[in-house]
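Asks: Quick mapping for you: the protein sequence lines, in order, are chains A and B. If you're matching positions, the first sequence starts at 1 in this note's numbering and goes up one per residue. If you're matching positions, the second sequence starts at 113 in this note's numbering and goes up one per residue.
Everything labelled a hint here was simulated from the structure, so no lab data went into it. Fair warning: there could be bad hints in the mix.
To be verified - Only pairs whose alpha carbons sit at most 27 Å apart, straight line, appear in this in silico DSSO-like list of lysine-lysine:
hint : chain 1 : residue 1 : chain 2 : residue 2
1    : B       : 154       : A       : 49
2    : B       : 169       : B       : 195
3    : A       : 68        : B       : 154
4    : A       : 49        : B       : 169
5    : A       : 61        : A       : 49
6    : B       : 154       : A       : 61
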Amino acid sequence: AQSVTQPDIHITVSEGASLELRCNYSYGATPYLFWYVQSPGQGLQLLLKYFSGDTLVQGIKGFEAEFKRSQSSFNLRKPSVHWSDAAEYFCAVGGNTDKLIFGTGTRLQVFP
Amino acid sequence: EPEVTQTPSHQVTQMGQEVILRCVPISNHLYFYWYRQILGQKVEFLVSFYNNEISEKSEIFDDQFSVERPDGSNFTLKIRSTKLEDSAMYFCASSGSLAGAGETQYFGPGTRLLVL
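Kindly produce the complete structure, drawing on both the sequences and the hints.
Replies: Following this line, the structure appears as structure tokens:
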């Protein structure tokens, strides 16, 4: 079955600390992988995506993610978190159909 | 930067009433989507739409739901007779080409629907 797992529902970090949000997927075909961020009252904003090629992808706001096919993972990282990064983060997988399959999201809280 | 817009931002309705949620996709996009997110749950795909036809739909998208592109700019989701379980945030998205080719879907801010 096609699915996305984000094992961490809620993460709290201090401003300036590094961040890694985990994402594992199950998908029968070649996956396209996405990270979206949702701030309160806002829509889903694309941070980055993996389509093909280099498995380390750079996104907006200083985020990066690494596609590891052997681990079926696409973890999101940021070396130094800013207070404005507090939001909900969604990993999603797409492929040979129109729909994206989303994970349940990870809520990030940042302390000063 | 072009963006997807949705109206209204919030809608409260009585069970059994019809609601129409409106979306204005990015102007040169050809593929349109609706998703929903029930509070505390995953974002779920409802339907995709291209060339004035539904191209894919989920099992959630039953006969109560319909989509339409009534003019060159709007894309609507109609729920004919709302149920309590239709309460959710509804997201519209659009893409420039086929999402199945890895194209990015751009999402609107959502409409929060509450059915009483």
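Asks: Go through the numbered hints given earlier and state which of them the structure violates, listing their numbers in rising order.
Replies: Hints that this structure does not satisfy do not exist here, as all of them hold.
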